[in-house]
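> Model the full assembly from the supplied sequences, consistent with the hints where possible.
The primary structure of each chain is shown beneath.
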Amino acid sequence: MTTAGASGGKSIGGVVLDLAGISLAFGGVRALQNVSFDVREHEIRAIIGPNGAGKSSMLNVINGVYHPQEGTVTFNGVKRHDVNTHEAAEQGIARTFQNIALFKGMSVLDNIMTGRNLRMKSGLLAQAIRIGPAEREELQHREAVERIIDFLEIQAYRKTPVGRLPYGLQKRVDLARALAMEPKLLLLDEPMAGMNVEEKQDMCRFILDVNDQFGTTIVLIEHDMGVVMDISDRVVVLDYGKKIGDGTPDEVRGNQAVIDAYLGVSH
Amino acid sequence: MLYRENGQFKTTYRQDQQMLPILQDRIFMALLLLFVFGVAPFIFSDYLFLSILIPFLVLSLAAIGLNLLVGYCGQISLGHAAFMSVGAYAAYNLVLRVPQLNFLVVLILAGLIAALVGLLFGIPSLRIRGLYLAVATLAAQFFVDWTFARVKWFTNYAPSGSVSTATIDIFGWTVDTPVRKYLFLLAVVTVFALVAKNLVRGHMGRAWMAMRDMDVAAEVIGIRPVYAKLTAFGVSSFYVGVAGALWGFVYLGSWEPLAFDINLSLNLLFMIIIGGMGSILGSFFGAFFIVALPILLNQAPEWLGIHLSTAMVSNLEAMIFGSLIIFFLIVEPQGLARLWAIGKEKLRLWPFPH
Ligand SMILES: Nc1ncnc2c1ncn2[C@@H]1O[C@H](COP(=O)(O)OP(=O)(O)O)[C@@H](O)[C@H]1O
Ligand SMILES: [Mg+2]
Chain A
1 MTTAGASGGK
11 SIGGVVLDLA
21 GISLAFGGVR
31 ALQNVSFDVR
41 EHEIRAIIGP
51 NGAGKSSMLN
61 VINGVYHPQE
71 GTVTFNGVKR
81 HDVNTHEAAE
91 QGIARTFQNI
101 ALFKGMSVLD
111 NIMTGRNLRM
121 KSGLLAQAIR
131 IGPAEREELQ
141 HREAVERIID
151 FLEIQAYRKT
161 PVGRLPYGLQ
171 KRVDLARALA
181 MEPKLLLLDE
191 PMAGMNVEEK
201 QDMCRFILDV
211 NDQFGTTIVL
221 IEHDMGVVMD
231 ISDRVVVLDY
241 GKKIGDGTPD
251 EVRGNQAVID
261 AYLGVSH
Chain B
1 MLYRENGQFK
11 TTYRQDQQML
21 PILQDRIFMA
31 LLLLFVFGVA
41 PFIFSDYLFL
51 SILIPFLVLS
61 LAAIGLNLLV
71 GYCGQISLGH
81 AAFMSVGAYA
91 AYNLVLRVPQ
101 LNFLVVLILA
111 GLIAALVGLL
121 FGIPSLRIRG
131 LYLAVATLAA
141 QFFVDWTFAR
151 VKWFTNYAPS
161 GSVSTATIDI
171 FGWTVDTPVR
181 KYLFLLAVVT
191 VFALVAKNLV
201 RGHMGRAWMA
211 MRDMDVAAEV
221 IGIRPVYAKL
231 TAFGVSSFYV
241 GVAGALWGFV
251 YLGSWEPLAF
261 DINLSLNLLF
271 MIIIGGMGSI
281 LGSFFGAFFI
291 VALPILLNQA
301 PEWLGIHLST
311 AMVSNLEAMI
321 FGSLIIFFLI
331 VEPQGLARLW
341 AIGKEKLRLW
351 PFPH
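Residue numbers (the working numbering), protein chains in the order written: chain A, 1 to 267; chain B, 1 to 354.
What the hints contain is simulated information worked out from the structure, not anything from laboratory work. A couple of the hints might just be wrong.
Stretch by stretch, here's where chain A covers chain B in the computed footprint (C-beta under 8 Å, at least three residues) [said to hold, decoys possible]:
1) 198-204
2) 210-221
3) 243-257
All values reported here derive from a predicted model rather than from experimental measurement. Just so you know, even glycine gets a beta-carbon here, dropped at the ideal spot from N, CA and C.
Structure follows, in structure tokens:
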């Protein structure tokens with residue numbers, strides 16, 4: 001039921017996210033240097049590059065965890081120099097983490113429920129009494145979360161503390177929590193790192209399904225070139241904080257600078 | 001085979017989200033409530049009420065309050081006895097100056113005043129954490145101690161600085177005998193424990209725990225650290241403030257300055273470490289432990305016919321507390337509550353080993 005992004009029949013829309021001239025440094029480390037690229041509605045946009053290239057930093061700039069020294073982030077037509085994490089979440093930007101950042105002391109269900117927190121409005125007193133509006137709200141969001149649990153096939157682990165799950169399933173819960181936000185833009189930081197082939201296939205299927213069924217725009221960091229070439233519509237290549245390639249998977253594959261970076265030719 | 005959830009299928013999410021989803025747990029809770037409200041008042045001695053159950057109930061409430069902040073939200077506080085004293089002095093002054101107020105209203109107001117002070121001292125938590133926050137809350141402890149010792153208005157210019165309270169009266173029901181004190185506290189603590197349980201099961205509780213477990217991820221999801229931490233400080237000091245008012249009015253009756261000093265703060269922390277961080281039930285376990293252990297140590301040698309000096313007993317007490325705290329911190333950070341959960345797990349599987 002899914003179509004590989006590059007060849008898909010889905011309609012890719014206009015630019016939803018535009019990054020212009022982003023520069024970010026940590027002391028002397030220049031993690032990003034004047035990087036610009038855009039992301040179109042409904043597309044799967046991959047960011048690739050060697051370790052330390054600045055890929056994760058880029059995602060952190062997009063949702064306001066890092067504040068770049070220069071450049072602007074335009075999301076949904078609103079141009080910002082400094083993105084605020086909370087605003088980013090409210091506008092529908094969700095993400096998963098390279099090193100799983102689940103809430104260790106909570107169950108799978110509760111972890112995913114936190115993805116609904118922004119939408120839950122019942123006040124302190126209503127929650128204290130619980131019976132009535134707070135419980136109704138809780139149940140309504142529980143239903144939404146259950147749909148995601150079904151979608152990602154993790155029904156059996158609802159009540160399990162996340163810390164007890166194997167790595168591959170934790171990655172899935174991380175995705176579930178992000179999906180619970182019903183995001184417009186989903187940032188995935190190496191969602192398949194450390195997985196075996198079978199788990200990778202499952203994850204690919206989920207990512208394509210999310211993109212396909214919900215129309216979610218996805219920015220994906222991934223090391224597995226096979227996966228990237230298969231599922232992404234366009235690819236940005238970073239190396240030492242600089243953009244060295246940008247285009248469709250085929251274009252990027254033929255780009256000399258990219259080939260050099262991956263083969264370790266001197267810079 | 002008696003204790004298990006097999007066959008108890010949940011057909012709605014509502015059933016699944018109950019506080020006690022397992023039937024046997026609900027029966028146990030019902031029997032427990034029946035016993036503590038309906039039977040205990042008739043069979044327990046005044047000694048038991050005064051020296052164990054009354055302090056146990058008040059300290060349970062304080063421990064729940066501290067646990068909401070430390071165990072659920074992951075913010076450390078060494079100053080919680082200070083918020084207890086704010087509650088106690090607030091209640092004292094309210095009763096003194098507005099005598100027509102119902103004591104239940106006094107309790108709520110005392111809690112709210114403590115919550116305000118708690119919020120104020122919670123503000124540093126937005127910037128600092130861990131050891132630095134611990135020191136900041138310690139400053140709260142000393143500042144509040146100093147205030148009540150020095151600003152005479154709070155103690156109604158009593159020369160010694162000690163204050164004494166009138167007997168509580170609730171809608172004509174005087175809380176004077178040990179049994180009545182016990183029943184009154186039991187009712188208050190039951191309601192507050194239920195509310196705490198509701199809060200930690202709601203979105204606010206999840207925001208606290210998310211903050212505790214992984215603050216960056218929590219922010220990225222849209223949880224505001226300011227909101228999560230300050231509500232935790234506020235609700236926590238509300239609980240502790242109410243506990244302080246009860247400690248003063250129901251347990252102590254009259255108290256000196258420094259009745260709520262750093263030692264009490266540390267004791268509250270020990271309660272939640274031993275009882276279980278992030279567990280309402282554990283708060284009860286911890287409070288019971290801290291109240292009962294010294295008494296047990298005092299009595300047990302005599303039952304065995306051994307005579308120990310008081311100095312020896314208090315040394316023993318310190319040693320046992322010390323080693324238990326180290327034990328729980330290293331081996332079982334979730335305390336007695338976790339041991340209880342493991343026990344239930346075993347019971348569920350019994351009589352089959354797997
Ligand atoms: N919080 C931080 N503090 C200091 N340096 C950082 C921080 N985050 C990233 N960096 C540095 O920025 C560079 C890019 O890192 P990162 O974005 O994680 O790369 P990638 O995800 O492509 O592997 C690295 O040199 C890394 O050490
Ligand atoms: Mg990275």
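> With reference to the structure, classify each hint as holding or not holding.
Cross-check of the supplied hints:
no., hint, verdict
1, 198-204, "holds (count 6)"
2, 210-221, "holds (count 10)"
3, 243-257, "violated (count 0)"
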